[in-house]
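K.L.:
Required output: the full structure, derived from the provided sequences and hints.
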Amino acid sequence: MKPAPFQYHRARDVDGAAGLLAELGEDAKVIAGGQSLVAMMNYRLARPGHLVDIAGLRELDRMHRDADGALRIGALTTHHTVESDPAGVLEAGFEVLNRAMTWIGHLPIRTRGTVGGSMAHGDATAEWCLLAVTLGAQFVARGPRGERTIAAGDFFLGYYTTALDPDEILVEIVFPRPAPHAALTEFAERRGDFALVAAAVDLDVEDGEVRSGRVALGGVASAAVRVPEAEAVLADGGSFEACASAAAQAVEPPADASGSTHYRRELVRTLVRRACEEAVSS
Amino acid sequence: MNTDPVVTHPPLQLIALDVNGEQHEVITEPRRTLVDVLRHDLRLTGTHVGCEHGICGACTVLVDERPVRACLMFAAQAEGARIRTVESLSDGDGGLNDLQRAFTEHHALQCGFCTPGFLILADGFLAERPDASKEEIREVVASNLCRCTGYQTIVEAIDACATARRGACATPCDMSAGKEH
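These protein sequence lines map, in sequence, to chains A and B.
Going by my numbering, the first sequence wraps up at 282, each residue one higher than the last.
Going by my numbering, the second sequence wraps up at 463, each residue one higher than the last.
Hints are computed from structural coordinates only; laboratory data are not their basis.
Values in this document were obtained by computation on a predicted structure and should not be read as measured data.
Some hints could be false.
Calculated pairs, SDA-like style, for lysine to any residue (alpha carbon to alpha carbon, straight line, at most 20 Å) [stated by the list, open to error]:
#1 LYS2/A x PRO293/B
#2 LYS2/A x VAL331/B
#3 LYS2/A x LEU324/B
#4 LYS2/A x HIS330/B
#5 LYS2/A x GLU311/B
#6 LYS2/A x ARG321/B
#7 LYS2/A x GLY332/B
#8 LYS416/B x ARG191/A
#9 LYS2/A x LYS416/B
#10 LYS416/B x GLY192/A
#11 LYS2/A x GLU387/B
#12 LYS2/A x ASP318/B
#13 LYS416/B x GLU387/B
#14 LYS2/A x LEU294/B
P.N.:
What follows is the structure, encoded as structure tokens:
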């Protein structure tokens with residue numbers, strides 16, 4: 001339960017960190033809050049030869065709204081900062097992020113774990129990955145070849161795999177439009193555990209009627225996925241129950257010791273319905 | 283001053299840590315976790331170590347007054363931060379503070395292995411949320427594992443301490459005055 005030896009490098013700026021990653025190659029890992037990486041290193045599931053610590057880059061620890069209402073979250077913003085939202089930047093449209101934080105681990109995990117770290121880690125059940133897919137987030141990455149923006153739909157490629165190049169640093173996550181009728185809910189065996197299934201929805205409500213919406217699931221595939229079949233039901237004016245059934249039929253969740261495919265499908269049905277109901281009551 | 287954009291550390295490195303208000307220097311490998319440096323290098327054995335992968339919470343300490351898992355943090359990452367351990371709670375002569383006394387009075391421990399983690403978790407939480415409800419306290423203590431099944435009494439102890447602190451000061455309440463360290 002002790003990590004393998006590594007060399008520790010403390011980055012002073014993003015470009016320096018990216019340059020070092022390019023130099024060190026695949027044997028280097030970025031560390032931010034370390035709440036996934038250090039556990040994996042203690043288990044020796046990960047044994048990077050070099051760690052590049054970016055936690056000192058305070059310019060990546062900020063959260064603000066653009067004039068057009070978009071929310072920009074610096075990669076080093078902790079889950080706890082989003083949860084407590086000291087500057088009130090989540091008000092008027094992004095309260096869903098604030099509420100979703102309580103599903104992430106426990107308080108001492110949320111005080112260290114970062115939004116960017118969670119996204120770059122790319123766990124198939126992670127709340128942040130699911131929120132990004134549901135809300136159509138954009139990822140700003142910087143590397144030796146400059147800066148680029150990656151859409152959420154192109155970012156998560158599979159189990160713990162993202163579109164980030166080995167020498168790129170995720171610097172900012174942009175949520176382009178407010179989501180006043182959005183919700184995330186999940187089921188885990190114990191409070192704070194990884195979700196067996198997580199569901200999130202972002203509904204478009206006009207005159208008290210749901211016109212359309214985005215539906216996404218975590219824990220049913222190798223990464224968080226949108227469910228077009230369930231979204232089609234909402235666009236056709238179908239009930240939340242019908243939407244939830246369509247989602248359950250559309251997925252083929254993996255089976256393991258925590259639950260069969262059938263069981264997870266039933267969780268999808270229950271959780272999508274609950275998320276829809278919470279979204280319209282919020 | 284070193285203006286190199288990246289500082290690369292050798293296999294052994296000198297780490298300067300601020301623990302309980304005292305400055306310490308430790309020469310160690312970068313792979314040394316904060317909890318191992320606290321226990322083995324600084325001999326602050328009040329912080330316990332259980333699972334070493336962030337589940338049990340026995341190693342909880344405060345980093346810049348926020349509860350964190352000291353097994354999920356390398357000591358090198360803690361440079362420049364203020365670290366506070368369970369040893370900071372008592373008055374130095376072995377006298378217990380109000381939170382520790384509440385744990386005693388409410389029988390909030392049996393074997394005691396998990397107790398330092400719960401104490402420092404509660405200390406950090408109440409500093410941020412002095413008006414926390416019992417339900418919020420219950421939610422927060424789910425962070426840590428107690429295998430003697432003592433959660434009910436732990437919740438009661440923390441709630442009693444918070445209630446006493448709220449009663450002890452004039453309104454509006456400066457809760458930081460309730461902390462003894």
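K.L.:
Could you run down the list of hints and mark each one as holding or not?
P.N.:
We went through each hint and held it up to the structure:
no.	hint	result
1	LYS2/A x PRO293/B	holds (16 Å)
2	LYS2/A x VAL331/B	holds (12 Å)
3	LYS2/A x LEU324/B	holds (18 Å)
4	LYS2/A x HIS330/B	holds (16 Å)
5	LYS2/A x GLU311/B	holds (12 Å)
6	LYS2/A x ARG321/B	holds (15 Å)
7	LYS2/A x GLY332/B	holds (13 Å)
8	LYS416/B x ARG191/A	holds (17 Å)
9	LYS2/A x LYS416/B	violated (37 Å)
10	LYS416/B x GLY192/A	holds (18 Å)
11	LYS2/A x GLU387/B	violated (37 Å)
12	LYS2/A x ASP318/B	holds (10 Å)
13	LYS416/B x GLU387/B	holds (17 Å)
14	LYS2/A x LEU294/B	holds (16 Å)
Comparing the model with each earlier hint shows violations of hints 9 and 11; every other hint is respected.
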